[in-house]
Amino acid sequence: MEANKPIGWYLKEADQQITSYMNDVFKDLSITRFHWMVIRNIAERGRINTWQFFQEVKNFVTVQEFGEIIQSFADRGWVVMGAEDTCSLTAAGEEAYKNLATLQQERAAHMMRGISDDEYKLTLSVLNRIIENIVHQ
18 MEANKPIGWY LKEADQQITS YMNDVFKDLS ITRFHWMVIR NIAERGRINT
68 WQFFQEVKNF VTVQEFGEII QSFADRGWVV MGAEDTCSLT AAGEEAYKNL
118 ATLQQERAAH MMRGISDDEY KLTLSVLNRI IENIVHQ
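Just add 17 to wherever you are in the sequence shown, counting from 1, and you've got the working numbering.
Derived by calculation from the structure, the hints in this document are not laboratory data.
None of the values given here were measured: they were computed from a predicted structure.
Any given hint might turn out to be false.
No more than 25 Å apart at the CA atoms, straight line, and that leaves these computed lysine-lysine pairs for DSS-like [stated by the list, open to error]:
1) Lys115 with Lys44
2) Lys44 with Lys29
3) Lys44 with Lys75
4) Lys138 with Lys22
5) Lys115 with Lys29
6) Lys75 with Lys29
If you anchor each label on the Cβ, the simulated ranges turn out as follows [as the list claims (entries may be wrong)]:
7) Arg93 with Ser37: 21 to 29 Å
8) Glu101 with Val80: 28 to 36 Å
9) Leu144 with Ala109: 31 to 39 Å
10) Asn116 with Arg64: 18 to 26 Å
11) Tyr27 with Arg130: 37 to 45 Å
12) Gln33 with Lys138: 19 to 27 Å
13) Ile148 with Lys22: 14 to 22 Å
Beta carbons: idealized from backbone N, C-alpha and C, even for Gly.
Start from the sequences, fold in the hints, and give me the full structure.
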């Protein structure tokens with residue numbers, strides 16, 4: 018692949034490839050990269066306020082898709098809804114998270130092969146500076 022396309026092309030292509038690659042590993046479980054994103058955040062935070070968390074991910078999923086993800090977790094017995102629109106993992110959800118994390122880590126390791134930690138950090142730093150330059154113009 019030639020490195021002469023605009024940065025937007027690479028960003029969009031990388032996102033599409035990552036999504037497809039991660040969706041493939043989860044397909045037998047009928048979940049997607051975005052399900053992973055949500056369950057990972059619930060596990061790491063202990064609980065989420067669903068509306069507040071949607072504000073963080075609304076560039077990736079619609080409100081309807083987000084609701085369907087939460088509902089699919091509830092239907093599987095992976096989450097329980099609490100007061101004030103909070104959502105936390107059940108014991109079954111914690112076990113599912115561990116299993117999904119193993120799959121995700123294997124795919125992420127493959128995806129990042131040949132890329133050093135310094136290269137990865139530099140890429141994130143450059144992208145962050147681009148975002149900041151645009152936001153703070």
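Checking against the hints above, which ones are violated? Numbers 5, 8 and 11, in rising order.
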